[in-house]
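Going line by line, the protein sequences match chains A and B. The opening position of the first sequence corresponds to residue 9 in the numbering used here, with each subsequent residue numbered one higher. The opening position of the second sequence corresponds to residue 1194 in the numbering used here, with each subsequent residue numbered one higher.
No lab work stands behind these hints: they were computed from the structure. Ideal Cβ placement from N, Cα and C applies to all residues, glycine included. Among the hints, a few may not be true.
Unchecked claim - Sample of chain B residues at the chain A side, in silico, Cβ under 8 Å: (1) Phe1225; (2) Ser1289; (3) Asp1431; (4) Gly1656; (5) Trp1701.
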Amino acid sequence: MKDGNCDFKNPFSLKAYTMKKFFFFLFAILFVISISSFAQSNKVTGVVSDSSGGAIVGASVVEKGLPSNGTSTNASGRFTITLKGASRTLLVTNISFEPREFHVGNATNVQIVLKSSSGSLADVVVIGYGRQKKITLTGAVSSVSGVELRENPTASVQNTLAGRLPGFFSQQTSGRPGADGATFYIRGISSYNTGSSSPLIIVDDIEYSYDQFSRIDPNEIETLSILKDASTTAVYGVRGANGVVVVTTRRGKISAPQISFRGEMSLQQPTIMPHFLNAYETALLYNVARKNDNQTPYFSDKDLAGYRDHTDPYRYPDINWREVLFKNFSKQYRGNFDITGGTEKVKYFISAGYLFQDGMVKDFSSRAGINNNYYNQRYNYRSNLDMKVTQTTDLRLDLYGNISQINVPQIGSPNGWNDLFADYSSFLTLAPFAYPIYNPDGSFGYSKWQLSPGTGGSVYDVNNVVGRLTYLGYTRTFENNMNLAGTVNQRLDFITRGLSLKGTLSYASSYGDPGNANTVSMSGSEFPSFYLDTTTNTYLPRSTNVYRVRRLIRSSSNGSTIRNLTTQLFLNYDRTFGSHHFYGLALVSQSSVTKTGSSAYNFIPNNFRGFTGRLGYDYRQKYLIEFNGAYNGSDRFSKGHRYGFFPAGSAGWNISEEPFFKNNIAFINRFKIRGSYGLVGNDKLGSNFTYYYQQIYNSGGNQVFFGNPNPNAASATWEGGLGNPDVSWEKEKKADVAIDMSLFKNKLSVTVDYFKNNRYDILTDRSGRIDSRFGSVSAVFGQTLPPVNLGKVSNRGIEVELNYSNKIGKDLNYAVKGTYSYAKNEILFADEPSYQYGYQAFTGNSINMQRVYTWIGFYRDSADIAKSAKPAQAVRPGDLKYADLNGDGIIDGYDQKVQGYPNVPNTTAGLQLSVRYKGFNIGIFFQGAMNFNVRGLAESILAFGSNLTSVHQQAWTPELGDNAKFPLLTFLPGISDPRGTPSTFWLIRGDYIRLKTAEIGYTLPASWVRPLKVKSIRIYSNGYNLFTWTKLNKLYQLDPEINQGSSGTSGTDRVNYPPQRTINFGLSITF
Amino acid sequence: MKKTIYLLPVLLSIVIFWSSCRKYETEPKDWFTSQLTFDTLDKNGIVSGYALNNIYTYIPGGFNRIDGDFLDDASGDAIPSRYNTTVENYTKGTVSSINNPDPYWGNSYYGIRDANVYLKNIDKVPVPVLTKQYGKAEARFLRALFYWELLKRYGGVPLLGDTVPGLNDNIQKPRNSFAETVDYIVNECTAIKDSLRPVALASSDWGRATKGAAVALKCRVLLYAASPLFNGGGFETDPVKKALTGYLTADPTRWQKVVDAVLEFNALGYYGLQTSGTPTGFISVFINKMNTEIIFAKQSPNNSNLEISQSPVGYIISNTRSQGLTSPTQNFVDAFPMTNGLGINESGSGYNASSPYTGRDPRLAATVFYNGLTWLSRSVQTYQGGLDKPDNPAVSPVETRTGYYLRKFLGNFSTGTAFSSGSHNFPIFRYAEIILDYAEALNELGQVESAVTQIKTIRARAGIAAGTNSRYGIKVGITQAEMRTLIQNERRIELAFEEHRFWDMRRWKIAGQVLNTTLNGIKITNGTTVTYQIVPVATTVFQDKFYHMPIPYDEITKNSKLIQNEGW
């Protein structure tokens, strides 16, 4: 066998062994399939396109009268079919187009143009529990097709959405493999409760967790929609207020089996990684700071010369840690394989996906025989089956899931952070002159400097970083997500036409709750390193008792499981009587989520139950009206307070259908105004409020001590926060008005939405002990008050979506798509005390704005200090000067004002340009965000807390004066310390524009690929986060999307694992 | 066939909905509730005992309490070795209602509620009578102690009595007057003292409040109430505000109440000064949990945290550099007399400025690390460039700013090479204080020689030589005013770093003089001869309004009936 395999010379120079196996497998399948299609008699090839010439992908092409003989079009709209019957007619169908019968006659190569089923707004969009034609849609929905998502090589699916969907706001705070999914919001944030602004995610009618969502393989996605207004979210009732993401997955169509393979290889590098100064430059600034603090220079001229001239790299090391620790590029591999097709009876879509995302740390640990780099390995699988059981009964059976493995090295960073980037950015841990990596004899280096490091204390005396990466091991997290969903759909036309009954049962099991993961770790403890004693010129061990590398210790944690059982029973009705179209939906649903490892869930199932209804009517698609409502509830509330009714109404008017419009305004093809209003709820109330109605006593051991001579640790029990039996969910009144237009023969389409959401009944702790920003009850009460539904937030904004597509000549198609979203929230009521100075109130400002000092310059000299308002601490020239807002001559907490912007952008926009010429396609996509603040703290900016960057070279000096970019360098904490005194100097705007994705692709001409017995081959290259322009870099060398804590009161401590720039090369083959 | 299949979804759903109608464990069953904590069947009272224990957690700790520093770092006796720590707000004059490092407002009221919850519910639990009696009395004692913490900071505060406020109760309560608050605490102590455990505690109960603690609290509250600041001496011009922070008029007989309380205390017949121990009685008081001098203390687990946080920075024990967080001042060191009991500036004291630590009150060496004192088998080196004052942040980020470190409360580690776990209970009441209270009250009542007798016992234990006239350096014919100064100084050095000086300076109304000053350190040059140079290290600011703390800003904004103290 082995020898036989070796004879097989792979014509492609990809990874030979896996490819061999793969092709072997493929040929086996092909062989079986091709038996049925060998009787070649009348082969017809063709292209299916829309009226503007754009290829229609996935259109079903079936021979009339022979439903079993069918195929579907490939990525470039092409198909090949062998006619067997006598009709010589093809039935061509696709979801957004009118079906067409095409008589082939004797032709062998045909061009079939499908007409949009009603203008360009005719696309069908996915909404909650159903689909709707865009023309009759009265709600606010934005969608994107799976094809578009696949142009983006990022590992987490939500990272593909920024800027593409109006109303979608996101921030990708990390690029760590397995944790790089952006946090996202629909129409911004509407509640100041932490953890309660994330949208509901529904995949094929089943709720997904945030983590499940980020692990979806984009290859499985057919469409993705976000539901934004009351009319579309009311069906989700108590869970719809944050908006809903609805995903449908790909399903089989009647066609011959079509096998596709995509293989991708990407190179990744950080979008931004701070460039730190070298040893000489750093030592110079160190001496400057010493001088500023009235101390003698630490580095002598001889030392400085040593660092500058690199004469003795052991005594005067100058290490570029970025080069030492990190690769220039890390790799990512992705492969998909899917089979789709079907007959009248059975349709199938089966796919398997693989992703491997490697980390950016250089390989040190192979010396210890382990792999401790960051990585993310994921297998996705899905089998979607549709069966026609009887003439009126359809059965759907979906089996899907993923298996993933995420690896993180054990770093042993100072302060308990297990984060290499904390080490990298910390001056006290990895100054450029910290230590030589290796000593002349090859042993790990260390230094006296690090044994008694700078100003940090012994906590920063951590061993040689390369040694730690070699020997300290890893933590590996395993996750196994398995889902099974079955649906039976029964048409009840025998009762009345258009009626059908559908039942769905789904079970999802996630082993390895991300909050309580299943991990295995191999941890090492110690290894020897030696430092040069400069006085005796001998090498001494860092730790006198460590002579060898200790063995790795394995430990594991079992993690916990999340189980989610969902049942739904639908009654659907959809019928047209002449000009009158009625449709309706009645739904009973229940879901029960059990988490084992979380104290918030405490193994008790979290049950939701609800009744949902929809009733719609339109007259000739001209006058549209729809009612949605849900009566549902959650058992996290006390009896009698569990259920709520959430109604919404919407209406639309297709003015362009009116004769007066149609006959007079020719260049507008479609003009619709629509509006909706309704009430929706949000029961994601944050983990602070679990079993909100109960009062729990807390208990703990070792709280107090009694006894002699050894004190006995005694247990204590204490009253917890009071319960509130009346506690209920947050509610939101959503209003939305919009215009949908298409102009110039449907080449340009415009959608403009204006919305206003009023969130109320936001749970608020009036004692301020949970969120110290709010609450007006005195501490004399002596206890945490229960959450009470009383907060109010308004959120309003506007969204614009523009699409323009046209063609030049016969083959050149181009399209421009632009989106703009603005969503600004304002806290209307949060039970704040009445402040002496109004500017200290959070009420009236946006959620998560911070209370900070106003920076107005630098203290110039002692005369300036004498005449200016001063803080408590000693102030020196070069310190940051703040505005004395209350005019009392003292800079203190009263001068802190709520100002700036929140930590989440309130404006985001995207611009997509795409061009298609014959087999070529090029697309570029820009995304930007505005009006948000970033604040850096210790290791991210503080001089000598962080390693020094060029901005520290422009620190204040009398000569620089107000041109300085940074306050006086010092070791003393004071008014200019970014940690203790937040100010507008540190809190700056992070506005950015990104070349988010770009793609270039080429589909090989059919004549080239035919000899290879392949339907189509496409080669392409795309990229993610290619270029970034940001305002942030005037101070910070950070990615602008780095977040700063959910409550908005903190800032970012250090460089995170930076988001990655990805350059991807791919090959897609369809058989 | 067809008809049955369409029923499938219906049937399936019905089964599932039905099965989920029966519910067990709809709420967590492993959580404590009020019923479980105060269980009507629990004769052992285990969990209700835990509830009592919890009240003890609200007692303030003392060691490194203010963000890592001692409160005494704000008393002029020391400064924090680290720059710009929050405790310096008190001496830099930058305390405000939003910037107070030690409000202890919320904590006190959380503790008070905890005690009231216990008192309200304990009667449901069928524990033995004596257990219940002790439990209730301890809860009431601790509640009184929390009111005391509020009283010394703010003056009169809202008194809640036994109420446990509920959601619908009005807690917009006005402040009670100073007099009412004093009376409340004193009456509570009187009411419960006989219900508390007797003074001789079993080892396993060590740390619980006894009758001694209740009477000691009474002594202290009465002492403060009789002191100049509160006894009609408040600087407030507004009589409403004055009544909140003190008595409106002076009444010297309030000193008699102190004397009576001390006599009541002494009648317990149990407590005494530690006169022997390793290495001395004075040191052993703080490093042995159970002794007859400690009346009540905040209990802590045994460890060596305090040794690491306070030892001079040159001591590195198993790779951990000691932190030397406290820098006692020269002003404080100068307050210690000579072994003969005479102040260093008095004639005949024998003080030699070029050998300043020779022949001093033994309490100096037990309280402060000075250059040359032996610690872990080597001499402390606080001279410039010495191991404990290297003047180099690359070696040690923090070092003494005054040339001294804090020695008090640390274990007996003059010899040896490492610290071991030891007892570190912060004394809240100890017998030496009762004696000093007594001496002060007697002196104020004009019984100067009786006061002298009391101070002699303190000095005798401290190791001061009795002298030929057995007056321990106290001059014959000392006047009341001189004696007042002497008692104040004795209190400063005997009770140093036990959170007395900060408040004493206020109640004596001397803070205006002693805290508007320059604090000095010592610069020692180690050469062929060691030279000592006194250098200024900090200046302190004190304004009249600092005599009382400002009520936290949040509380004023949240409760419109609270009247802020004058000046804030």
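Item to complete: Hints the structure violates: just list their numbers, smallest first.
Response: Checked against the structure, the hints that fail are numbers 3, 4 and 5, while the rest are satisfied.
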